[in-house]
Amino acid sequence: MNHIKAGHIFYPQTLTPATPKKKENQTATSFNTVFQQKLDETKPSIDFSNHALQRLEKRGISLSNNDIAKLTGAVEKAQAKGSKESLVLMNNVAYIVSVPNKKVITAVDGPSMQENVFTNIDSAIIVQ
Numbered sequence: 034m035n036h037i038k039a040g041h042i043f044y045p046q047t048l049t050p051a052t053p054k055k056k057e058n059q060t061a062t063s064f065n066t067v068f069q070q071k072l073d074e075t076k077p078s079i080d081f082s083n084h085a086l087q088r089l090e091k092r093g094i095s096l097s098n099n100d101i102a103k104l105t106g107a108v109e110k111a112q113a114k115g116s117k118e119s120l121v122l123m124n125n126v127a128y129i130v131s132v133p134n135k136k137v138i139t140a141v142d143g144p145s146m147q148e149n150v151f152t153n154i155d156s157a158i159i160v161q
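Each residue of the sequence shown is one higher than the one before, starting from 34 at the first, in my numbering.
If you're looking for bench data, these hints aren't it; they were derived computationally from the structure. Careful, some of the hints might be misleading.
[To be verified] Taking lysine-lysine pairs in the DSSO-like style, the calculated list, with each CA pair at most 30 Å apart, reads: (1) LYS71 to LYS114; (2) LYS71 to LYS91; (3) LYS136 to LYS114; (4) LYS117 to LYS136; (5) LYS136 to LYS71; (6) LYS135 to LYS71; (7) LYS91 to LYS136; (8) LYS91 to LYS103; (9) LYS135 to LYS110; (10) LYS103 to LYS136; (11) LYS103 to LYS135; (12) LYS135 to LYS114; (13) LYS135 to LYS91; (14) LYS110 to LYS91; (15) LYS103 to LYS114; (16) LYS136 to LYS110; (17) LYS110 to LYS71; (18) LYS117 to LYS135.
From just these sequences and the hints, can you work out the full model?
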């Protein structure tokens, strides 16, 4: 900072205007954020392991969009309660789900559930 002294002539320094930040970066960041959000929205909210997909195909179990939405809702409820591994019963099919990963690990239909023991689960959800 310049000090002004009595008896001296003061010549102020010319000020250079601050260069404004480029709007391109802000636009690109905003675009990238919105783009990623849209990608996340289109991504399925629940995933199926290869083993689960094989079991579904082998046992002739098909899921509608409504079924997937119900299954996703059940997993979200389990996650809210702090569950890690859940048994979800829906339409006479048992799904074992890794809650933190939102991934169906396996699926067992009604006839295959006879005298079956499910281990390493910490919650069970019955979906109507």
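Going down the list of hints, with the structure as the test:
The straight-line distance between the Cα atoms of LYS71 and LYS114 is roughly 27 Å, inside the 30 Å bound, and the hint therefore holds. With a CA separation close to 34 Å, the supplied pair LYS71 and LYS91 exceeds the 30 Å bound. Simply put, LYS136 and LYS114 have alpha-carbon atoms about 17 Å apart, close enough for the 30 Å limit, and the pair holds. Between the alpha carbons of LYS117 and LYS136 the distance comes to roughly 11 Å, so the proposed pair stays at or under 30 Å and holds.
A threshold of 30 Å between alpha carbons decides the hint, and for LYS136 with LYS71 the separation of about 21 Å falls inside it, so the pair holds. Proximity of LYS135 to LYS71 is assessed by CA-CA distance (about 19 Å); at most 30 Å being required, the pair is judged to hold. Using a Cα cut-off of 30 Å, the hinted pair LYS91 and LYS136 holds, with the two alpha carbons roughly 19 Å apart. For the hint pairing LYS91 with LYS103, the CA-to-CA distance comes to about 22 Å; that is within 30 Å, so the pair holds.
Restraint check for LYS135 and LYS110: the C-alpha separation of about 11 Å stays at or below 30 Å, so the hint holds. For the hint linking LYS103 to LYS136, the alpha-carbon distance of about 14 Å falls within 30 Å, and the restraint holds. Restraint check: the Cα-Cα separation between LYS103 and LYS135 comes to about 13 Å, which is no more than 30 Å; the hinted pair holds. For the hint pairing LYS135 with LYS114, the CA-to-CA distance comes to about 14 Å; that is within 30 Å, so the pair holds.
The straight-line distance between the Cα atoms of LYS135 and LYS91 is roughly 22 Å, inside the 30 Å bound, and the hint therefore holds. Taking the CA atoms of LYS110 and LYS91, the gap is about 29 Å. The hint holds against a cut of 30 Å. With a CA separation close to 17 Å, the supplied pair LYS103 and LYS114 stays within the 30 Å bound. Distance check on the hinted pair: LYS136 and LYS110 sit about 14 Å apart at the alpha-carbon level, within 30 Å; holds.
Restraint check for LYS110 and LYS71: the C-alpha separation of about 23 Å stays at or below 30 Å, so the hint holds. Annotation: proposed proximity of LYS117 to LYS135 holds, straight-line Cα distance about 10 Å (limit 30 Å).
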